[in-house]
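Visitor: Spelled out from the first residue to the last, the chains are:
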Amino acid sequence: MAADALSGSDAPPVESTAVPVASQRWALLGLLCAVLLNVHHTAAWCLPVAMGGAAWRLWAAQQPSRLMARALRIGVAVVLTLAVLASFRTLNGLDAGASLLVAMAALKLMETQSARDWYIVLGAALFLLLAACLAAQALWLTPFYAAVLWLLCTALYALGAGAAVPAPGLLLRTAARSLLLALPLAIVLFLFFPRLPGALWTVPREDEAVTGLGEQMSPGSISRLTESDEPALRARFDGPLPARELRYWRGPVLHNFDGYSWSRTHADLGEPPRLAFFGRGYRYEVTLEPNMHGVLIALDMPRGVPEERPTAFPTFDYQLLDAKSMNNTISYRLESYPEHRSAAALDAAVRELDLALPRGRNPRSLELAQNLRLAAKDERSYVEAVLDYLRRGGFSYTLTPPRLSRNSIDDLLFNTHEGFCGHYASAFAMLMRAGGIPAHVVTGYLGGDWNRFGNYLLVRQANAHAWTEVWLDGLGWVRVDPTAVVAPDRIDSNLDDVLAAAGGSRRRASHPPWIAAAALAWQAANAWWQDQFVDFNLSKQLNLLGALGLKDRDVEALVVLLAIGGTFWLSLLAWRTRRAAAARPHDALSAAWRTLERALRRRASARAPHEGPIAYSGRIASEHPELAAVLLPLARRYAQLRYGPECSAAELERFRRGVRLFTARLPR
Amino acid sequence: MRSSEPSRYPFKPRARLERAFSAWARSRQGEDCAPLTLGSRRIYILPTRTGVAAAVLLFIMFLAGVNYENSLALLLCFLLGGFALVTMYECHGTLSGLEITSAHAGAAFANGHGELMLGFQNASSAARRSLRLRITEATPKSFDLAPHSACMVRVRYRARSRGRQRIDRVQLSSDAPLGLFRAWTWLHLPLEALIYPAPVRLRALPPPVGRPQRSERERRLGGEEEWAWLRPFRDSDPPRRVAWKAYARGAPLMVAHYDAPAGARRELGLRPLRDLPLESALSQLADWVLECERRGESYALELPGRSIPTGHGVAQRRHCLEALALYEA
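For the protein sequence lines, the chains are G and R, in the order given. The opening position of the first sequence corresponds to residue -7 in the numbering used here, with each subsequent residue numbered one higher. The opening position of the second sequence corresponds to residue 526 in the numbering used here, with each subsequent residue numbered one higher.
With the rest of the complex left out, here is chain G:
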């Protein structure tokens, strides 16, 4: 026996592992689409390389077992790795990693033969899909992600079918059905799988060029911003909205002036002086887009620090800085009071900082300030005098101001007379400092559009604005917006309207109302997606539990909910597969006969496996003579219809009626 077993003559032959071309096509299509989803953040050569690999594979599929030489493959691998290094200077990080994955998948195509190789290719494609999700989660992309997932699952089915690949339609249907069945579980897991409060390890992030407020403001930087339609933040208010003229969104505060541009200070001047708040307060939630400035934008003037951001702290100039980087959209809740007053005296260091002027710059403006200050009887009247100068000096408000020289304020006040909010804020703050009044520039946003579909205020980069704050003894910091005197409409209406009235050119044409409504609805959908899906985290999960009445026991509740959801899903699946696997007659005649058999099984006895319809009915008739009169003719009729020449629809219907009558009158 042992000799027999070891003779080996009979060892099972290796099964044919050739993957049919149809399956290969599915896998290649899936891979290419996954590469396409990553095209915006991978290296530019990724798509051509992947397409080349796929084309080579399709060509090679025609030739019998054609593979690229090993040395050549290794050479190509080295070249592609170097190409990734050349493109990103690293192999780490999402973009470089995804590019490397594309390169290696394309290379794998050079040596794919067995089903195992194709599984690896599909695994790489699934990873690329994941990389695309990590790179961008925009709402409009999700249908594409779903389509590629569907395609990849179809490719998996095609690969799993072996030599006999089913028709494309059937494959697509099968994959879609399985994915739809998986969806309820995915939703349960998404909602109730315990989330972690933060990342497991820090991942390198590519610094993306985010438009928005920055470290400094030079003449023209704000007007460049206003060309962007991108959202800056969204705010949902608990109560009524603040009036238009109160919608000052406080961002980075700029103290350092070099005669041309303003920039932030990195001096740590301690805790913010206490403020006395009065008047009405507004409670709201802000969803802030990724930004570079690291300030939690708040309605002027925020009170306290948001609970959701434990890393946030207020600075001496009332910015809410957050130590944690803001690469993702974040949300936080705040309370703001437009009316407030400084309760303490001005710190000497702050006074010094906010009075500093560069030597020898803007001499004419300095002279103007001195003249105006001498004429004014006190600080307040000096402020009024400067504003009056701006109001009457023939200044105009434009988005496309002429370029300014190094002495930008002199140029603006005595030469060009044209400027944007940044120009006027800059000039006003400089004149204040020259007149001995501490002043600084505050950058942020002004206004916001109400979205009635999403019930939030949308503030765009186009709403970027700059204004000033001056210290007046007895009042503390007072907001002065010099733009308001140059272009009063700017404060309480839209930038577009102001510019249209001033004859300024603006890209946006007026649209019919339904397009505007559709745009609003789309914005609202995006906002919902961002808030409810993309930003679904531990705190939102806990909120959900609270809404379900399970506030106190968070982790236990999650586990229990997961268990319940999972069990439901598994029993749904079991029921479905059991139903699918159950023997089902595929014609109406057998179905009718089975109904009869079932009824007889319940009330008399079951058909033995060896019994045909006639023998079975004969046995039942002898056991239950009262049934014989109807049962025997029915069984004979069935045999005739089943085995006779043909069964017309009318005959079938008669037989079914007979069965119905018989089963209805069976004794209980």
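Don't take every hint at face value.
[As the list claims (entries may be wrong)] These stretches of chain R come out as covered by chain G in the derived footprint (C-beta under 8 angstroms, 3 or more residues):
#1 581 to 593
#2 691 to 703
#3 711 to 721
[Said to hold, decoys possible] Have a look at the derived ranges for each label pair, beta carbon to beta carbon:
#4 R:Arg691 x G:Thr559: 40 to 48 angstroms
#5 R:Leu588 x G:Ala555: 18 to 26 angstroms
#6 G:Asp230 x R:Leu588: 53 to 61 angstroms
#7 R:Leu588 x G:Arg595: 55 to 63 angstroms
#8 G:Pro135 x R:Pro560: 46 to 54 angstroms
[Said to hold, decoys possible] Non-contacting residues of chain R with respect to chain G, defined by C-beta distances greater than 12 angstroms in every case (computed):
#9 Pro538
#10 Phe546
#11 Arg553
#12 Arg574
#13 Val611
#14 Ala651
#15 Asp760
#16 Arg790
#17 Gly794
#18 Arg820
#19 Tyr852
What the hints contain is simulated information worked out from the structure, not anything from laboratory work. Please read all numbers here as calculations on a predicted model, not as lab measurements. Note that the Cβ used here is the ideal one computed from N, Cα and C, for glycine as well.
For chain G, the structure is supplied; the task is to place chain R on it using the hints.
Guide: Relative to the frame of chain G, chain R by itself:
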């Protein structure tokens, strides 16, 4: 498949584990008999190597999603996990509800191959794919079953020594639809094959006995055509008995049928082989039986305690070989 490969190590934990598991399954399930429908309680399922690799991949994807705090990536992972579980159910459903309508083990010569014939029926409206039938030490056989269809699957088994050979268990498995999971069941069907002695030519065929007796009619027709009557050709007929001359004249394919043994009649038995060991003698007898059949001659078999009268044809061959297979001194 793997267990049949000769192992380099004397101790095969995998094979031992499988044996222990199948013994447990046998004691749990009891013996089967066809027809039978596979219930879900007897179907076992485990992930394949591909499945384990996919799980590792999925876990890495999940970690990436958690680390990037990316909702879409997490949803993708959960969807893929659910998808894998759905295919697990589909894999199980490939076997669940399958009907085994018949099972038969065909006879074979010792050290040769025989065939098992198993009838399967798929009454459900879904196709059952990548089914695989396997017996120990033999090539597995893969097949598919279309919806509402039946088929007969033949799988070769390795015949050992003369006598009765019991095929303890047949494993029916499937890794449909994706190859991530493999479901299997053991069938303990009453499969018993008769193993004929392996034919071995040691001695020449013993000379024919008795004189050929020619009837008046045959004499009239001439020496060559000694048939009594013709009957239509059947697939099992040896070509040498086809009435080729009649066929050449335009008649359909006919086979010459003899009323009585026309030519040589040979008496086969152990007597001329007494000097050989019993198994060799039986092997020689099996060879003679086959040789007589090849020549189209009639033969009788005489064994101690069993004698088979003169005859020829498929039934005679089978009777003789069966007698040889079951002969015990």
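Visitor: Taking the hints in turn, state whether each one holds.
Guide: Quick rundown of the hints versus the structure:
| no. | hint | result |
| --- | --- | --- |
| 1 | 581 to 593 | holds (count 8) |
| 2 | 691 to 703 | holds (count 4) |
| 3 | 711 to 721 | violated (count 0) |
| 4 | R:Arg691 x G:Thr559: 40 to 48 angstroms | 44 angstroms, holds |
| 5 | R:Leu588 x G:Ala555: 18 to 26 angstroms | 23 angstroms, holds |
| 6 | G:Asp230 x R:Leu588: 53 to 61 angstroms | 38 angstroms, violated |
| 7 | R:Leu588 x G:Arg595: 55 to 63 angstroms | 60 angstroms, holds |
| 8 | G:Pro135 x R:Pro560: 46 to 54 angstroms | 49 angstroms, holds |
| 9 | Pro538 | 18 angstroms, holds |
| 10 | Phe546 | 20 angstroms, holds |
| 11 | Arg553 | 21 angstroms, holds |
| 12 | Arg574 | 9 angstroms, violated |
| 13 | Val611 | 4 angstroms, violated |
| 14 | Ala651 | 5 angstroms, violated |
| 15 | Asp760 | 27 angstroms, holds |
| 16 | Arg790 | 38 angstroms, holds |
| 17 | Gly794 | 30 angstroms, holds |
| 18 | Arg820 | 30 angstroms, holds |
| 19 | Tyr852 | 21 angstroms, holds |
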